[in-house]
Every structure is written in C-alpha cells, then in structure tokens.
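Peer 1: Using the sequences plus the hints, can you model the full thing?
Just so you know, the protein sequences line up as chains A and B, in that order.
Residue numbering for the first sequence follows the numbering used here, beginning at 104 and increasing consecutively.
Residue numbering for the second sequence follows the numbering used here, beginning at 5 and increasing consecutively.
Rather than coming from a laboratory, the hints here were simulated on the basis of the structure.
Be aware that a few hints might be false.
As the list claims (entries may be wrong) - Cross-link-like lysine-lysine pairs, in silico, BS3-like; alpha carbons within 27 Å at most:
id : chain 1 : residue 1 : chain 2 : residue 2
1  : A       : K644      : B       : K440
2  : A       : K428      : A       : K598
3  : A       : K400      : A       : K644
4  : A       : K790      : A       : K779
5  : A       : K783      : B       : K440
6  : A       : K428      : A       : K602
7  : B       : K440      : A       : K779
8  : A       : K637      : A       : K464
9  : A       : K400      : A       : K637
Note that the coordinates shown come from a computational prediction; the quantities given were computed from them, not determined experimentally.
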Amino acid sequence: MSHGGHLLFIIALLPFIGALVPGIMIRAGRNACAAFTAVPTAIAFIMLLILAPQVMRGEVITFQLEWLPQLGLSASFFLDGLGLLFACMITGVGLLITLYARFYLSGEDPMGQFYTYLLLFQGAMLGIVLSDNILLLLIFWELTSLSSFLLIGYWKHLPEGRQGAKMALTVTGAGGLAMIGGMLILGNIAGSYNLTDILQAGDQIRTSDWYLPALILILLGAFTKSAQFPFHFWLPHAMAAPTPVSAYLHSATMVKAGVFLMARMWPVLSGTDAWFYIVATTGLITMVLGALIALFKDDLKALLAFSTVSHLGLLTMLLGFGTDKAAIAAVFHIINHLTFKAALFMTAGIVDHETHTRDIKRLGGLRHLMPITFLIGTVAALSMAGIPLFNGFLSKEMMLEEASHTDWWGSHYAVPVLATIGALLSVAYSFRFISHVFLGPQREDYPHTPHDPPFGMWAAPALLTLLVIIIGVAPFLAEGIVRAAANAVTGQELKFYLKIWHGVTPALWMSGIAVLGGLVLLGLHRPLDAAWIKAPRPEAKAIFDRLMAGTVGLMRGITEATHTGAISRYLAIFSVAAVALGWAAYSGSGLSAPTRTHLPVPPVIAVGWVMLIVATISVVGMHHHRFRALILIGIIGLSISAGFAYLSAPDLALTQISVETVTILLLLLALHFLPKETPKESSMGRKLRDGIIALTAGGGVGALAYAFLLRDIDTISDYHIANSYEGGGGTNVVNVILVDFRGYDTYGEIIVLGIAGFVIYALMHALLDGPAARRLRNTDYSQDRSRDRHPLMMVVVTRVLMPIAVVVGLYIFLRGHNQPGGGFVAGLVIAIALLMQYMASGFAWTQERKKIEYHTMIGFGVVIAGLTGVGAWLAGQPFLTSAYTYVHLPPVEEFELATAMLFDLGVFLTVLGAVMLMLYSLSRIARFAGQTVNVGPMDYDPGHPYTKEEDEGAR
Amino acid sequence: MHWIILPVVLPALLAPLIGFVMRHDIVLARAASVTGTLLLLGIALFLTGMAADGTTHVYRLGDWPAPFGIVLVLDRLSALMVLLTATLATIVLIHAIATGWDAKGRHFHALFQFQLMGICGAFLTGDIFNLFVFFEVLLIASYGLMIHAGGKERMQAGLQYVVMNLAGSTLFLFALGTLYASTGTLNIADLAVRVAEIPADQAALVRVAVILLMVVFAVKAALFPVQFWLPATYANAPAPVAALFAIMTKVGAYAILRVHTVAFGPGIPGTEGLPGTWLFPAAIVTIAIGAIGVLGARNLLPLIGFSVVGSMGTLLVAVAAFSDTATSAALYYMVHSTFAAASLFLIADLVVTRRMADTLTPLPPTVQNGLFAALFFAGAIAMAGMPPLSGFLGKLLILDAMREPGQMAWTWSVILVGSLLTIVGFARAGSTLFWKSTAIPTPERTVEDDMPPSLSPANPATTLQVAPTMVTLALLGALAIFAGPVSAYLQDTSAQLFDRAGYVSAVLANGGEG
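Peer 2: In structure tokens, the structure reads:
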C-alpha cells in the first residue's frame, strides 16, 4: 500500500456515504441540499488534487483491503494517470452538475432523491476508474447500470423516462453480464483478478486460446455501455432524463466507462488483428452513423445524443488503432469532448428551460434574447465542429492524422475517407446547432419568451467553455495530464507535445474538406431533411419494443402453457420422470445373484391376491360412484391387513385394521357433503395416457419390490431383535422399535397427527368463514336422510359396546410392550368406540357428555410424549432414553413399569384427540349445513303418524 | 449435552401449549411464539458456536448406538441451517404479527412452531428414515400455514402443494424401502459405509434408490420437472408464510447435499457420478424456467415465486458439481437466496395489501410509494444477483467454481442470460408498480371502519411492519460486506461435508456424546 492509499479508499467511499446526506438535508431546503451534496464531491475532488502531483510524477497510488479472498476479490484501488484523469472528470463535472441541477430542477421535482441517485452514480463511476481488481470493477460497473436506471427514470410519471430507463438497463445490463464472463476468463488466464497483475500478463493473455472469447465478452460490455453500433440506440432514449443527468452521464461518465475500460485493458487486449478489426471498425461505423443521424435530429438533446454516439465511436476507433499516437489522441479527445459536450448539454437544458421547447424547428434567433447562452453554446459547438483555436480542433486533427495512415483490410483509403466524412458531418450538425437555434430572425412564437438564466445556471457551462478556449489556445497546459494518462494507457513513457500548428499535413487538408463540406451540407439541410424524413429507416426503439414485447409474450406463453395448475398433469410428469430416471439409474449397473427361492403359493393367498386385484381394478372402474369406491377401498385395506397377519406381522395387521376403520368411517361422514358422483372429465386419449403411465409406474414399483425380495441382506433389525428385551424391556420388538429404538420417529409421527388435527380444525373455520359456507347452507341434504336418524338398535348396541371397547383399548394399550398392541392401536380402538357413539346418538348428544376437549387431548398427548423424552435428561441420559422396572403390588401379579408406557400414553392421547377433532370438525360442518340437533339419544318416535306435510316441514 | 435436541424439543413442547392452552388469546400466543423463536435463535447461535471448531457432535436418541437407534448429527452445515431457520423465523414471525396475518385464521402460532420443529429436525437428523418423518412434519405444518386464512384460490393452490408433496412422500417411502432392502440400514453414515462396499456392477437397486431420493428432494427444492407446484403455492400462500417457505426449498437442497454427498457422493464405486449427471441438467433447466417465468409473469407474487425457482436452479447447479469449492459457493448462495426470497415476499406483502391487488398493472400509487419502491428495488437487486448486495458475490462464486469443461458453457450462459431476463423482469414490474402508478391520480379512498387503523390498506406501514424487511435487506448487505469471513467459514463447512471418513467415524463411534 503506497503513500496516500488510504485517501484513495476514502475517495471511493465518499460518494456512497454522501448519498445518505441529500435525502435528509432536503428538509433544510433546496440550497442546503445542493450545498451538502457538493461537500463529499468537493472533498473527493480536493483529495484527488492532493494526490495528483504524485501521480503526475509517474507514481501509482494503491490501496488494498481483502474482501473475498476465496474468489480473488479484494477492495483494491489504484490511481494512475488514467484513473486520475477520469476521477477528476467525474468529481469535477459532478460539482458543476450539482450546481446546475440546483437551478434546473423545478419545485415539484424531489431534489433529495435526485442528488442521492447522482451521488450513488458518481460513486459507482469513481469505483470503476479506481478499481485495481476486475471483480470489484464489475461490481461498480453493474452499479452504474442500476444507478443510471434510477437517474434516467427520475421523472417516473413520464413514459419516455421509464422506457428509456428500462432500455438502458436492458442493454447495458446485458453487456455487463457478458463482461462478467469475459472478466472471469481473463482472470483465469492471468491467474489473478488484480488489474496490476493482469496488465503484466499481456502476452500470456493474447496468446491464450481463451483470448477471443474473453475479448468479445469484454467488448460487449464496453460497447453496450459506450453506445457503440449496434447497441447505440439506448443512449438517445436515455435523454428522457432531466438534462443535468444527460450532461453528466453522456459527457463525462457513464458512456465513457466503456471507453475507459478499453483504454484500461489496452496494454493487454490491443495489438491483435481481432482487436483492430472489431474495435476500430465498430468505432468507425458508429462515428459516421452517429454523426449522420445527429444531423437530422430536431430535438436538441437528441442531436447532442447522437453526436455523443459519434464521438464515442471516434474514441473507440482511436483505441482500436492500437498505436501509441492514437492512444494519445484518444486521451486528449476524452478531455476535450467532456468540456464541450457537457457545456452543450447544459446549454440545451437552458434553452429548454427558458423556451419550453427543445425542437430546433421551433427555435432560432435566440442570440439577442439570450446572449450569454448564445456565447457559451457557440464556443462549445465550434469546438465540437473542430474549428481551430478551440480544443476540439486539436484532438480531431490528431485523429485525422492517425486515420490518414491506417490501412483497413488492404485498403488505404477506407479509414481516411470515412473519418473525413465523419468529421464533415460533425461540422454540419455543430453549425446547425448554432445557426438553427441562435442565428436567424427572432421569432414571435416561442412557447415561452426566453431570456438568459440566472448566474447559477450558466456558471457551470461558462466555466467549461473557458476550458475549451484555454486548452484550444494553449494546449501545453493540458500536456501533463494527457501524458500521465496516455502513459498509463500504453504502459510506456511517451514523449510528445501538444501543438496547435503541425504544418500543412494531410490531416489539415482533411479538416479543411470537412469544414467546407459541412457548411455546404448545412446549406442543403432543408432538402436533405425532407429526403431523410421520407427515406425508410429502421427505428431502433420500435424494433426494441417489438423484440421486448415478443420476448415477454413468448415467455408468458411458455410459462402459462406449462404451469397450468392441472394436478393430474403435474403428477403425470412426476411419475414419468421418476420411472425414467429410475430406469436410467438401474440400467447403469447390474444386480447381484438372487439368494432366495420362490415359495409355493397357498390357495388362500391366491384367492386373497385375486380379490385385491379385482378390488383395485374395480376402484378404477367405479371411482365415479364415490360410496362404492370407498367400500372397495375398504376391501383393499382389509385384504392388506390380512396379508400382514398372514406374513406374521400381527402388530401391523392390528394397526392397519384400526386405521382402515377410522379412515373409512371419517370418509363416509365426509362424503355426505360431497356430490355422490364425480364428473367425467377425462377424454379417452387422456385416460389411455394416464393408464399407461399408471401401469408403468406401478409395474416399476412392483419390479423393484420383486428384485429386492429375492435378495437377502444384513439389516440392523437383527440388533433390534437381540436387544429388545435386554435394552428396551419389552418382548414385542415392533412396539419396542416404535417407542424406544425409534421412539423419535414415533414422536415425529404423532406430531404429524396432532398437526393434522389442528390443520383440519383451522381449515374448517376458514371454510365456515368463507364463501363455501353459503353453499353449504343452501344445499339441501335432507332427501338423502333416513327419518330414522338414530335407530334404537344401533344406539343400544353402541352403548353396550362402549365399555367393552374401552376395556379392550386399555388392554391393548397395556399389553403393547410385550404383545401386539400399543398406544397407537389403543387410541384408534377407543376412537372407533367414540365414533360409533357419535354416529348412533348424534353429535350434540354425545358432545354434551364429553368432558375433555380434543385440543387438550392432542396437546397433552404431544406434551406427555415430549416430557417423557425430556425426563431422561434428569437421569443424565439423552432424549427418549427409556427406563423400566418391575413392581410387585399385591394382590396383582408382578408387572413391569416402563417410561416407554408413558410415552405410549402420549401417543394414545394424540391419536384419540386428533381423530376426535377431525370428527368434531365434520360435525360442525354438518350443523352448519342445517342438520338439527337432537336432544335425546333417540329422536325417532315410531308412534307418531306419518304425514306428508310434516315431511315437507322437516326440510 | 442436550443442546442438539433443543431446536426440536423446544418448539415441539411449545406448539401444543400454544395450540390448546393459549388458543383463545392471540396476545398470549404471540408472546409465547416470539419468546420461543427468540430462544430458538439463541440455541441456534450456541449450536453454531459448538460446531464452529469442526467437531461432529452426535446425539444418540434413547441412548441407542448408531446405526441401530436414531442419531442427531451437529456439524457446521446442520448448525448453519438451523441458524438460518431461526433467523428467518424471527423476522417472519414479527412481520406476521405486525401485519396481523397471524390473526386471520386459527392456530397460526402453533403451526408455525411445529413448522420450525419440522425444519430443524430435518436439518439435524443423521437418519434417513427420520428425515422422512420430519419431511412429513414440515409438510403437514406447512400445508396448514399455506392455507392459513383460507380463500378459494389459496385452497386450490394448497391442494396442488399438498398433492405434489404427498406424491413425493410416497416416492420417498419407495426409495427408502429399496435402500433398506439393498443396504439393510437407515443411518446416513452407515449407508455411506455399506453403499461403498457394493461392487460397481451390482449396484442397480441402490442406484434406483439414489435417483428416486433425488426426485423426492427435487420436489421439495422445486427442481425441474417437479417444480410446477411452487409458483402457485408461493403466490397464494399468506406472504409471511411464503417468506418462511424460503427455507423450505432449502430443505430439499440440504437433503441432497447431506445424503447424496455423504452416502452416494464422489468416490463411491456403485453410484459414482450418478447424482450429478442428472442433477446438473435439471438445475440448468430450472434456472431457465425461473427466468422465463419472471419475465412472463402477469402478477407480482408469481413473479417472485418464479425468481425463487430460478434461484434454486442456480443453487443446485453448484451442488451438482459435488465438489468442495462449488459446494461452498452453493452454501453462500443458499444463505443469500433464503433472505433474498424472504425480503421480496415481505415487501410484496406490504405493497399488495395496500394496492389490494397483485396484478402488474398500473393502479393509483399507495401511501409510502417511495419507501416501498426503494425496498423493492433493493430486494430485486438481491434476487437478480446485482451488486451491492450478496447475490452478485454468490453468483460470481458459483460461476468461478463451475469451470469443469462440459459444465462451464452451460452454467455460465444460462446463469448470465437468466440473470438478464430476471433483471428485466423485475425492472418492468417495478417500473409499472411504482413509477407508472405515479401518473395516475390517487382517488379518494374510503377507510373501512371495521379495520384497526394499523391494518387498513390505506394507512402507511408502521415501523414494526417495515422493520423485518429492512432487517432482511440489512442481512443481505452484511453478507456481502463480510463475504470474506463468511466464505471462509463455509469453505470449512463444505470441507467437513466432504470429509466422509470423519463423519462416519464420528457417528459410528462407540462413545457418542449423549
């Protein structure tokens, strides 16, 4: 880190910190706001001046701060001649713009916002020119795109502003992203992302295979930013911004970023044919094209915008030549272009501000009304035209000189001729700016009678035009900075002098032709303009808009065609993907040899199997009839339970049967509120498609199961069997696995059940509060209902069954640890018994006799299970560690007490609570749907005579 | 040391209490929920500190040795994920309370805590069946949260969500069955040992399990071709819930990282290269789908949803490399994209409730148009991966890590072009919402009388309503500023993840901590 490095860091940081100020200071008034905005910029500018002598001596000031070393990104800055030149331009013009904007912006414009954006942008630009790390440079590069988006769209209510902002962001953003790729490649070749290292690795980079991709990607970034053909079109549309923004972005900063980058990378990337042909050619085309269009623009700012495009082309071309002298010319022209173009933009702004129009055809003859503005505008425009004694002349001469001996694809004339044409057009539009705005007769029909603006508004452009003249007359004054910058660009010590008079050179002749030709062209402007207007030409904005609309339309089409919300399609894709991927994975390897043989199939199993298949097929066939389908599903479930029992898994069988029963019962109740039949929605083709997918997926799963059933494998379950009694205190391995070995899984699963209860409850409430409630109320369910809602037989039977079922449940619960059973099954058994009560005697009747709330049951269940687990902590054991002991309480036989039983109690309560909460929710819906509440357990009176009227009334 | 189980037990005990004791009083429920979440945050910080030294901590549930019982494993990665969850949860919870979303339906806080329990459980488990269990917990809880407050559109989208994810769960069971039948174990470390022993030419069954698991996790992570559920779900979920869901997709990504790196990762003959081969193209397509969706979106919330899809693609592209550096880049991007997505949904909530529509059409400007525009701008920058927020660095890290020939061209071009589409999509949306609307005169708004003033759409957002968004954005800024140290930590995290031997010996060691 060299002397002054910290200052450099502060300079880079200042605008960002400063950006916080205007938003607050606007509360103190517009003048205070502008003044405080100027402070950070001024400090940065002064600091640069402090560092300037060192840099002019050829020192490079550096600052380094590690940021993301894993990536090679560091917050490193360095200041050499080129950086100094640009940094001074950015801060210097920034100050002038701050002043100018104070007077330009009207009272309705939010000024605090404006200055905040301006400082953000300024910080981003400073960052670009000071970065010593190309990744850091990328960050600032993207920041200029973003902050310029805000600046261009500043007048957010104007469509032009918004569209211009979006267009600029799209084009420069695209370039920026391309540049990311380019920079990453570049860093990879050089082995470092540090600019100083990269600048040393020029030969290595130019000979690399990756040179061309890197070059193209980086140039895409530079060309889009610097508005080179064919990406030039965004720049004129960015003119929708307030004029201070245009003056700043399009003279000194944003568009120069691309030029800066090419200059920065010049020692590394230039000197190859690819560089010359891509860069110089693009520049040349842009220069001529921009100048040509500028000549025919009637909007003052558009004229200046295209002239900027043209001058950027000129700079690009010069850098593309790849010679030292061209580089010097480029650096010099950067300064000169800045001075006259910023002044011109501000002049245009003043004219617009005073006359309320920027249309050249409505202007003219302003020289008497606005003498100061006239003077400033004329001097600047003459410089732009390249008239001697103004600075524009000097650099243009140097450009023409270089052009005059540059061959292009074997042709000796192509470049000089085109360069002269460019200069000629430039003269023409510059003079047009003077003559059509200020000269000619004074008019009566200005939208607003103009006069010169207050001093604050013309001070900034006046200062710039002063520079135009000073450099134009005494170019040696600028020699120091131009040399420092040119040395930095070329990486050599250059010896040169800036002079006004070079003798009678080819460049002087070309210049002369340009001035004369330009005057002639201006004379012919009227007929040429008419022809131009008639001539068909591509309108970049229209093309861009169409392209954009087309892209958005296409994207929308793709998205909406694929994301339709049709679940069946999503599932089809999911199934196909799973099967295809499974097959692909399978075919990448083979199977081990089977170790098991087929067992004979007993007839009873064959019958069961056939039943299962028939039931399954029937569900598919009859699924439109919901009740029938449900019954069939019940059959399937029971067959599976039987299968479990046959395969010596009584626990599973028990669980499956009770789950099946509860599910079917709840579904039966739920079906009551649904249509009896589902509509037929699928076409034959879809059914076929879905059928094939279903068969393939099912077949795949079957094949998979078959494949692994044939093979033995060592599993962890051997350990479970061996340790069930010893470690878990139970002889029923399944139960010990559930409550002990993998009690944590069970804990998770009961929570799932508990959540399900809560969700259903919440869902029911959401439903009853929503529009569905009206539908429920208005649907007539009564005709399906038996008059015998609570049949005597059923009431009596369930009442008798109740205690038996509870005892069975308790029994199952208690024996669970050693015999098939457990809390889960017990919970379901008791839930079934309660369900039966509800079904038999009606909801309200049963509800009145219920003492515990279901929410509480779920809550207690989960908490008890959790606390059982936590209890182990007291013994210094991990969560859910079980303990058991044997207790002898006469007269009862000795029995075991295990903490697992407490855990199982939690399971039991949660299961019971969740099922009952589901039932509760269903019956709430039923009552909402108009089901009446019965008071007694049986509400059928067989003695009552049946009358038709009463039946009607009951509805 | 029972710290490792706390992120599961604490919300699991708190949630039922909120659900049955406090269900009649929202203030009580809020207080309990906030306290619990803050405690969780504290625990997560402590766990991160515990894991920071690189030790793999193992907690044996029921004191059964692995692989026979279930173990929890705390390493840098799982600690990071829990910390991420707790941080996000705190932010989202405050937003939900400040905006009154939690009072629009029943059981919000109970479900919220259950959701946290599910997510933390999934991050901490070292057992693949237990992972399934926690997938169920977080699925059912998230379904409850997703349909919180009801409404037709939301119920329809919720059905999509739950059906797709139940299909995923079913496939999970198939995959687990196949895996158990071919390896005989469920412990991830033990799987790593046993799968490595299978000869390369006899691994067909394991390979099927590997790829089916990939599909299952892809459903969670919203990866092509099973991403369809995400945009509609996120767009229709209550906004704070959508913001919380930013971590849910990461559960899928985490599961791939954990399971497919440790058990089926590089260097295992039977499954060598299998996960990456399929994950990579799927992730590439996912980025494209996300970017296309962002540009083509008609509404704000689906736009954000698609940007989440795109970010998952970007994340999983890096995961698909199954390499040390790429994974550390992926982790950085994961942290970033979680907060980026959350911030956008929170901002969108503030805006949409005030516009009373989420269409991307110009409507009269809302109150605080400038503030919302600024917040949206920042969120969009983050999501699109532009500087100065962390997305840009995350993207650079990923691009830099993906240099393998055959991956580079695809990754770079799709990520960069995708970024462009995303940027343009967000710029168009923001321009319409916040700029174009200013050209429309504000009509006289009638404030509904029955609404508390702080919740009325016409009223400006209170500090508490804006604070969560701001904090999220500030976190993204901090993530960028401290990218160096964060990245260093993530590099260690990733190195630990790829140290299969270390993981296996820690988990299967006879001692264990608890």
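Peer 1: Quick check: which numbered hints come out false for this structure?
Peer 2: 5, 7
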